[in-house]
Amino acid sequence: MFSYQKRLQYPIDIKKKDLRMAKFLVTQYGGSNGELAAALRYLNQRYTMPDNRGKALLTDIGNEELAHVEMISTMIYQLMKDATMEELREAGLDAHYAEHSRALYPTDVNGVPFTVAYFASTGDPLADISEDMAAEQKARAVYENLIDLTTDPDVIGPLLWLRQREIVHFNRFKELFEYYEKMLNNNTSSSNQNMNVNNSSQMNSNSMNFNSQNNATLEQLLMNSNFSDISQGIMRD
Amino acid sequence: MYNYNFLNDQWYRNMNYNSYRNTSMPSLFTPVEGYNNGNLFADLYSQYKNYQPVTLTARNDKERILLELSRMAFAAHELNLYLDLHPEDTTMLTLFNDYRQKTNDLTKQYEEKYGPLSISSDALTQAPFMWEQNAWPWEVQRNV
Chain A
1 MFSYQKRLQY PIDIKKKDLR MAKFLVTQYG GSNGELAAAL RYLNQRYTMP
51 DNRGKALLTD IGNEELAHVE MISTMIYQLM KDATMEELRE AGLDAHYAEH
101 SRALYPTDVN GVPFTVAYFA STGDPLADIS EDMAAEQKAR AVYENLIDLT
151 TDPDVIGPLL WLRQREIVHF NRFKELFEYY EKMLNNNTSS SNQNMNVNNS
201 SQMNSNSMNF NSQNNATLEQ LLMNSNFSDI SQGIMRD
Chain B
1 MYNYNFLNDQ WYRNMNYNSY RNTSMPSLFT PVEGYNNGNL FADLYSQYKN
51 YQPVTLTARN DKERILLELS RMAFAAHELN LYLDLHPEDT TMLTLFNDYR
101 QKTNDLTKQY EEKYGPLSIS SDALTQAPFM WEQNAWPWEV QRNV
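Protein sequence lines correspond, in order, to chains A and B. Numbers 1 to 237, taken from our numbering, label the letters of the first sequence in order. Numbers 1 to 144, taken from our numbering, label the letters of the second sequence in order.
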């Protein structure tokens, strides 16, 4: 289950109203590369990860993304606070006002409502994790665009911080991807064809990179999984 | 009790580079640097253009405890993500537990003085119901 902590992961204290920036920032709330899509992506994909590393990492990063949803929402709320009708109209937020008044609502920068079609969940760990890596890179790029669009240090600070989180998450997903990829290669070369990896002259470059700590076969990996029926999906022979 | 006035983090620097020195271990920022940067792992840090991360400071005691708590919680969280993929790394596990313990101590201190941060807090025994009394995180909290 989830429980709430009554604090932000990183402090937000925006003193200047900026309706234009609020309108742009909303894309990292309800846009295709936004934090809400990230949270739902990882929290849906985690169930069919083949081992505990994947289940733990997707749970923990998915959970952190919810904290980022709260940070972005807070930024939008503070940027829009006390806006007059005239200011809303000037920034093009009168359309938002028609449906939502000054309330938060997850849309992209053009007001298109959030949709779960922004992410996939295939049940294949390599497909899912490579999507996650791409998602982190796209979010990093969007944060850089957003930083370019403002000069307010109160806004730039949290955006720089969130951008850095995308970089850390990307690297964690990349590590997990490479770990599962090795498992799959090991499975096809050593257990299906019953070859000794160390003596084989036919081993491919991936299996040469094995370090002893990771030297478990995919079958062993799957045996430890509680979802072996689901995990069969990644056994390719 | 944890001393949250320890804003000079030389101690963590020494711990990283001396007593915890280990060739296979990634190089870490201190909790203060890591929290400012949004990244505890020096090898992963990547600057955008010439922007520098904000050096976060506290204006009063409440903010000081909350800032130190956030630093420790962030450092523990970064190691949590790392340990998910390296569950046998005992050096990082020791460091994780150090940051986790400090987070818990600071949470207790903060809650005793300034009210609950979670619904399982011990600071919820007196009426009125303190959970809804303090400002919510998205509210602007100047001159607190």
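Calculated directly from the structure, the hints in this document are not laboratory data. Don't take each hint at face value.
[As the list claims (entries may be wrong)] Heads up, simulated DSSO-like pairs for lysine-lysine below, C-alpha to C-alpha not over 30 Å straight-line:
#  : chain 1 : residue 1 : chain 2 : residue 2
1  : A       : LYS16     : A       : LYS6
2  : A       : LYS15     : A       : LYS138
3  : B       : LYS113    : B       : LYS49
4  : A       : LYS182    : A       : LYS17
5  : A       : LYS6      : A       : LYS81
6  : B       : LYS108    : A       : LYS16
7  : B       : LYS113    : A       : LYS6
8  : B       : LYS108    : A       : LYS174
9  : B       : LYS49     : A       : LYS138
10 : A       : LYS174    : A       : LYS81
11 : A       : LYS16     : B       : LYS62
12 : A       : LYS55     : A       : LYS16
13 : B       : LYS49     : A       : LYS15
14 : A       : LYS6      : B       : LYS62
15 : B       : LYS49     : A       : LYS6
16 : B       : LYS62     : A       : LYS15
17 : A       : LYS138    : A       : LYS81
18 : B       : LYS62     : A       : LYS81
19 : A       : LYS138    : A       : LYS55
20 : B       : LYS113    : A       : LYS55
21 : A       : LYS17     : B       : LYS108
22 : A       : LYS15     : A       : LYS55
23 : B       : LYS108    : B       : LYS49
24 : A       : LYS55     : B       : LYS49
For a C-alpha distance cap of 30 Å, please report whether LYS62 (chain B) and LYS81 (chain A) respect it.
holds, 24 Å
Between LYS108 (chain B) and LYS16 (chain A), does the CA-CA distance stay at or below 30 Å?
violated, 34 Å
- Message: Holds or violated: LYS17 (chain A) and LYS108 (chain B), Cα atoms, limit 30 Å.
- Response: violated, 35 Å
Does LYS49 (chain B) lie within 30 Å of LYS55 (chain A) when you go C-alpha to C-alpha? Measuring from Cα to Cα gives roughly 35 Å; hence the hint is violated.
Satisfaction of hint between LYS62 (chain B) and LYS16 (chain A), Cα-Cα up to 30 Å:
Holds, because 24 Å separates the two Cα atoms, which is no more than 30 Å.
Review point. Taken at face value, is the distance from the CA of LYS16 (chain A) to the CA of LYS55 (chain A) at most 30 Å?
Key: violated, 41 Å
Q. Regarding the pair LYS108 (chain B) and LYS174 (chain A), is the alpha-carbon distance no greater than 30 Å?
A. violated, 36 Å
Quiz item: Is the Cα-Cα distance between LYS113 (chain B) and LYS6 (chain A) 30 Å or less?
Solution: Status holds; Cα separation ~15 Å.
Is the straight-line distance between the alpha-carbon of LYS62 (chain B) and that of LYS15 (chain A) 30 Å or less? holds, 20 Å
Holds or violated: LYS108 (chain B) and LYS49 (chain B), Cα atoms, limit 30 Å. violated, 40 Å
message = What's the verdict on LYS49 (chain B) and LYS138 (chain A), does the C-alpha distance respect the 30 Å limit or exceed it?
response = holds, 17 Å
- Does the structure keep LYS15 (chain A) and LYS55 (chain A) at a Cα separation of 30 Å or less? violated, 40 Å
When held up to the earlier numbered hints, the structure conflicts with 3, 4, 6, 8, 10, 12, 15, 20, 21, 22, 23 and 24 and fits the remainder.
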